[in-house]
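Chemist: Sequence:
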Amino acid sequence: MIHQTASTGLSSAEAAIRLARDGPNVLPRRIRVPLWRRIVSQLRDPLIVVLLTAAALTIATGDLTDMAVIILVIAVNTTVGVSQEIRADHAISALSDLTAPAARVLRDGGQRQIPAAEVVGGDVLVLAEGDIVPADATVVEAAALLVDESSLTGEAVPVGKTVHGRGNGAAEDVSVAAGTVVVKGRGRAVVTATGAASTAGRIAAMLTEGPGLTPLQRRLVGIGRLLAGVTVVLCAVVLAVGLVRGLPGELMVVTAISLVVAAVPESLPAVVTLALALGARRMAARNALIRRLSAVETLGSVTVLATDKTGTLTEGRMVVRRVWTPAAEATLTGSGYAPGGSVHVGDRMLRRPDPYGVTDLLTAVVLCNDAGLAPPGATDGDWTALGDPTEAALLTAAAKLGIDRGDVRARFPRCDERPFDSDRKRMTTVHRLRGGGFRLVCKGAPEAVLDASVLAEEPGLSARAADRADQLARDGFRVLAVAQAERPTCPDPGEDLEQGLRLLGLVAILDPPRAAAIGTIAACRRAGIRPVLITGDHAGTARAIATELGVIGPGEPVVDCRELREADLTRAGVFARATPGQKLDIVQALREDGELVAMTGDGVNDGPALRRSDIGVAMGRRGTEVARQAADLVLADDALATVVAAVDEGRRVYANIRRFLVYALSGGAAEIVVMLLGPIFGLALPLLPAQILWINLMTHGLPGVALGGEPAEPGAMDRPPRRPTESILGAGLWQRVLRIAVVLTAVTVGVAVWAHHTGRPWQSMAFFTLGAAQLGVAVGSRSRPRSWANPMLLVAVASALALQLAGLYLPPLRDLLGTRPLTGPDLAIAIALSVLGCAAVRLDRILHPGRPSPPDRLASTGEEVHPERRADVLLPRRQPTCRTPWRRAFRLAARRRPGRQ
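Each residue of the sequence shown is one higher than the one before, counting from 1 in this note's numbering.
Straight-line distance between alpha carbons at most 25 Å, and here's what the computed SDA-like set of lysine to any residue pairs gives:
hint: 1; residue 1: LYS400; residue 2: PRO446
hint: 2; residue 1: LYS425; residue 2: ARG186
hint: 3; residue 1: LYS400; residue 2: GLY334
hint: 4; residue 1: LYS425; residue 2: ALA143
hint: 5; residue 1: LYS425; residue 2: VAL181
hint: 6; residue 1: LYS425; residue 2: LEU373
hint: 7; residue 1: LYS400; residue 2: PRO353
hint: 8; residue 1: LYS425; residue 2: ASP496
hint: 9; residue 1: LYS400; residue 2: GLY340
hint: 10; residue 1: LYS425; residue 2: GLU457
hint: 11; residue 1: LYS400; residue 2: ALA328
hint: 12; residue 1: LYS400; residue 2: ASP370
hint: 13; residue 1: LYS400; residue 2: VAL345
hint: 14; residue 1: LYS425; residue 2: ARG487
hint: 15; residue 1: LYS425; residue 2: ASP467
hint: 16; residue 1: LYS425; residue 2: ARG474
hint: 17; residue 1: LYS425; residue 2: THR363
hint: 18; residue 1: LYS425; residue 2: GLU458
hint: 19; residue 1: LYS400; residue 2: ASP475
hint: 20; residue 1: LYS425; residue 2: ARG468
hint: 21; residue 1: LYS425; residue 2: ASP475
hint: 22; residue 1: LYS425; residue 2: ARG322
hint: 23; residue 1: LYS400; residue 2: THR384
hint: 24; residue 1: LYS425; residue 2: ARG562
hint: 25; residue 1: LYS400; residue 2: ARG411
hint: 26; residue 1: LYS425; residue 2: PRO413
hint: 27; residue 1: LYS425; residue 2: ALA456
hint: 28; residue 1: LYS425; residue 2: PRO491
hint: 29; residue 1: LYS425; residue 2: GLY540
hint: 30; residue 1: LYS425; residue 2: ALA473
hint: 31; residue 1: LYS425; residue 2: SER175
hint: 32; residue 1: LYS425; residue 2: SER462
hint: 33; residue 1: LYS425; residue 2: ASP131
hint: 34; residue 1: LYS425; residue 2: ALA539
hint: 35; residue 1: LYS425; residue 2: ARG439
Each pair of labels, with its calculated beta carbon distance range:
hint: 36; residue 1: ARG348; residue 2: GLY435; range: 29 to 39 Å
hint: 37; residue 1: PRO34; residue 2: PRO821; range: 50 to 60 Å
hint: 38; residue 1: ALA284; residue 2: GLY109; range: 52 to 62 Å
hint: 39; residue 1: ARG784; residue 2: PRO821; range: 31 to 41 Å
hint: 40; residue 1: GLY406; residue 2: GLY435; range: 13 to 23 Å
For the record, the hints were derived by calculation from the structure and aren't laboratory data.
The beta carbon of each residue, even a glycine, is placed where N, CA and C say it ideally should be.
Could you build all of it, start to finish, from the sequences and the hints given here?
Modeler: Next up, the structure:
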């Protein structure tokens, strides 16, 4: 039935019926999440809930100005989150762009070009070189048909398609998939699947599920719940104590609300967003384009780097590396399709002619060749292959020995050929000699060319060549054998050409590793990140590349996914012959095993795994649009070293968020404890509500935001990643918060008690000392205290200190805050004691440096992979929370204060 349809194609009427029944040949669209549901999801964050509660309380007290500022913070945070989610909707749209916009089919007995969306099952596709296959189909007619399936399977070598039925019936060689590209030959194929049922459609279905919350999002959820509970309880205690002591109820309500706002770092969402945005900007300057903002921090938590091979660890271009002849073995240098490079036998660089037969062999592969090479263009600085990449690699190898393709073909014009097919696994061409006679050149798989029926050689030579071919194949090379013979007359069309040939030698071809890949893998191991190679290529090729790059050691096992066991999913270091579904299973299994997975890739087959992993990293130049849209990070320069830089940046961002939490939470905790301990020491109300809000404004404003611009600490990439389940307050952070809060509380209460007993303005001294000591914590939190890195933090602290002084000496602010000016000696005492905030942080970092790096997670390599670098620190824009005047609370406090102290 297929062959009957192939001769005439469908009728227009039948095609219309099938189109109505099966639907258009388009990929399924993801059901869009309503905007309101996205917004509700963002507002359910516990930290946002606390801010909403604070906004409601400000409304209850009539503080509309503060309410507006808090709502603005919530709106900005929600807008950023929603915009990040919308990005995922573009992934399936990219798959639609990949498929062919038009297709040539047989309809009503003649060829017709139609939109790809109108292709139906049973249509006969007419395929030619350069065509994108519009749907899954079965080849029914082929002439030297080669299809590039690397974007689906990961194999760098194009696959030959031959119509079987002559004895072997190998069905896998006659199918073509939607989205693949015809690189050579022509053919016809009957469509078997369209739209969602096609290969691209099944991959699109895998892209619908994302990775879930990032580590930072999970940690912020936890800290939000903790802060919500602790803050509400403590502020309720302060409210109750004040009411019991007979203080005015309205004043204590405003005080409690002020403590809620002060204790909860409401600028945390703004600081996190700014830190991530600055990180994304730094990455963009280093050719790493962030598609999802939260991915900046997630990179710093990565424990497993799962990478594709073709085009990711390798160049994605076939290169001849070895040439074997019966007399010698030569090695070739150079990369890509550029003719630059040389040919060596031992330490000797070959010139033409040579005594080893290398020139004869490379001349033969130029003759038996249908490919071409395109020189660099104005926009692309690389040589590119025209036609079969393997044949293009042969042309490049010949050019390295000075063999010109045009000159050779002019001297030996082709007069006949036998195209390659997967039955014979050979290609033979016939060329006319200038002095008369003809030359036959044959190239193909070693087992096909070294056959006794083809060669007229001694059995010993054929056996030696076969042994060397097997060794090269085990080393990951694709091996071709080349033979030729001279004939006095041109062979007849039906004559068997491929017999009585003389062996010229073997050509070993591979897709070479990228130059930066070895350093990248070494850097990952230094940082405690385990590399895992997942490829659709052969096990031998995967083993060779993985061993050379250091992904696995010599002799370590390679898992063939055709025999994949569940136990292998989380233990193996190299997976070969992996399908897109199996890549997805491997990534999912690693994540369920507690790993945080970054997946790199460039093909359509990598799309589902990129989408499901915690961090998807796609190649920007050679990567498919599907991979780029499914990824969180796109490498504009295709350099794997950029991944290491991105991980370093992620660790810097996370460290800065923790640095801000130490700074903000220790200050907020100190404010609450000061309010609780004050009455015990005879201080009725240690701080007025207006003073609490002013301190919060000064400390959580510019200094807090500027902390997000701190550079990375030296040695950050020599430590293992933090555990994915670790709390953001873990690894000793909450203990550090408490220790610093104790120092701040002791200094503030001590100053207030001393000033109270000596008749000084104790409340004003407590106000200034607490604010200045918190600024000292910011200075002490610098990652490189002896350098001028991040000068904006010093500027921000100086500005905040000036405003704190203004609160003591400017009459309008004194009236608003209820303060009194301090004398010179009193101010000097307060400033001197405030330095203890900085000293406390520095001393704590010395006495409690944090959890040491587990030695078993670090690589034992002495190579310096990631040198310390300086980063330009950008001046962040002031966030809305930094400009909050809190005027309503200030006025109310000024009216209700029991008296200036």
